[in-house]
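Let's have the full structure, built from the sequences with the hints guiding it.
Listed below are the residues making up each chain.
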Amino acid sequence: MASIVEPGPSGWDTLQLGDPSTVPAEPPSELLYHHQTRFFASLRRLWAHREIVYTLAERDFRAQYKQATLGIMWALLSPVLTLAILIIVFSRAKTFGTEHLPFALYAFVGILCWSYFAASLGTGGNALLTNKALLSKTQFPRECFPLGTMTVSGINTVLSWIPLAILFVVFGRAPAIATLWTPLFMAIEVVFAAGVTLAVSGLIIQMRDLVQVLPVLISLGLFVEPVIWPFYRIPKYLQPIYSFLNPLGPVIDNVRRTMLHGWAPNWGLVGIAALGAVTYLLLGYRIFKRLEVQFADIA
Amino acid sequence: MPTLPEGSIQLEHIWKSYRADLAVPQFYDQLKRLTRSVRSSGRPNHRWVLKDINLEVEPGSSLALIGINGSGKTTLLKVISQVTYQTAGRRIVQGRIGALLSVASGLHPDLTGRENVFLYGTVLGMSRQRIRQRFDEIVEFAELTDAINRQVKFYSAGMLVRLGFSIAAFLEPAVLLVDEILAVGDANFQQKCLKRIGEIVREGTTLIYVSHDLASVEASCSRALWLADAVVQAAGPTNEVLQLYRDSIEQNAVLTSSSEGEVRVLKVELRATDGGQLRSGCDMEIRLTLNSPEPTDAMFFIGISQGTAFPMFVVAHHGVFPAGDFEVRCVLEHLPVPKGGYSIWAAMTGAKAKVLLPWNPLMQFDVFGPAALPAPEGVMIMTPIYVEAQWQVN
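Chains as they are written, first to last, in my numbering: chain U, 1 to 299; chain H, 1 to 394.
No wet-lab data here; the hints were simulated from the structure. Since the structure is predicted, the reported quantities are computational estimates derived from the model, not experimental observations. The C-beta atom is built at its ideal place from N, Cα and C for all residues, glycine as well. A portion of the hints provided could be inaccurate.
Quick partial rundown of chain H residues pointing at chain U, CB under 10 Å, derived from the structure [what the hints assert, rightly or not]:
id, residue
1, 13
2, 57
3, 100
4, 109
5, 391
Put into structure tokens, the structure is as follows:
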């Protein structure tokens, strides 16, 4: 049996009475609990609970389309409708330039990339709040909540590549062979989105004002990112720092370069973007783990 | 530090504080919280929910946490399961924890029963493969064979509880934490759950059980820990701790008995009609002397409880009661309670539900006789019983 400083009521066979008068008003400071977050231990624990991420994603995905007549078809229809609106609104405003590509195709590729990030952040940022009931009753790693909603956003994004294929057919074009690089760019985006989403979902518990600010920031992001304007508009000397701070920019640009133009990726900027994305993830995860100690108490 | 065997729990000087409820958290406070280490000194607004809790539970034992609402039982469970983190102290739990802290919160209303089995099972710590293997057993245990493909929002409250508990019942954790979940659900299912909990403990799982239902505590746990005002009041064998706990509730009940009604109780007398000891099966005569300022047409209630505020049974009589001092005599035939300590309660309600005498304990008494009712292990004896009574008003 382990030896402890002051054995508690370990002899269960006899009645032991507590004496409230001997309990100090505050715990001695050397007993205070310090939340230690070891990066790899956290990752191992998360990996051991990966089924919960899938399950939460499955729950949200199924619940999303339950009782809708068109059901899962909406996952395909929503991006088409967004595209339709975009074409109607922007088809005459070609002031930003589309690099000699059909505007619909040009914009839709940008929107697909952007909408994954926006959806991840929008739903994932609030994931801890919307899962408050589970959060305060279960003990699995808290990262599962934002990562679960990010998975749903991922599935929705993958499904919306299907309308993109239709668009290619409509314009009588075929994606270039360099399209095969797309998964790499998307991986950078996922890493970046995970970092930001983790940080925001943790911070939002502390600062509820973020709930209101977040949608505004996201809609602002649509214009910060090169979604409806071309990446080359950024001055050359600013491009590296922009790519580091906003890895999504070069991601969108390079998806276009490879898929629509058939050019080689801009490896320099892609590398910087990858570095930036990893930095975001490490930082975001650190913030999240640091704050997680009080999630269940104040959510 | 040698590692403890699988299924053991060790808590050393556990303290837990929550911040005081601030309706509008100040932006400044939030910034401060973000910029400095959260657990560092100076928690300006906080209250202690647990103070210096020491606890060692060996694998395969069953421990009940009892105490009034707000005494820290659920918080202690949350610290053990690490849903929340202690403010101070050390917590060691060996093995997988299955925490059933709430029955319905993990269920998603829009999903079907089947989908929820997988959702809730995974969330509680079961692998999907294991759930698939035991799916039929879970559904059968929940008695939901017909409704399993229906959306959960169309379930009744009882069905939700059955589904929630059934999933948890097949978790196979090393440590099972159960928090006051059987409050809903019908008596049959409660029995079934207690039986299942008994099986789980016999299979070697450590059980920590929180309930206000002392009968179920007695049926399922050999050890008990009584929490009050964030500290441990008593710990030890269940019956001894429960005895202390019941006494404290009774004392509180007598203390809180007010004089809010018009009718006052002057005297309470209890005796066996044959002049012997009060014992199980005897005819017990209750004589109450009361005083009323005016004659009343009222309902008179007498109840017997075993410590807790809920009576085991109540008998009632409708009659006209005179002004001034009067006596109510009631004979309970074949006193249907086993050996033990009991309280007698009375109340009087006039026309339009006017409270003439509020429901309060009048006195405690002991009943002799054979030992407490025998029951199969893990079976809770429910107490709603019908009692033949003869009334007389003088």
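Name the hints, by number, that the structure is in violation of. 5
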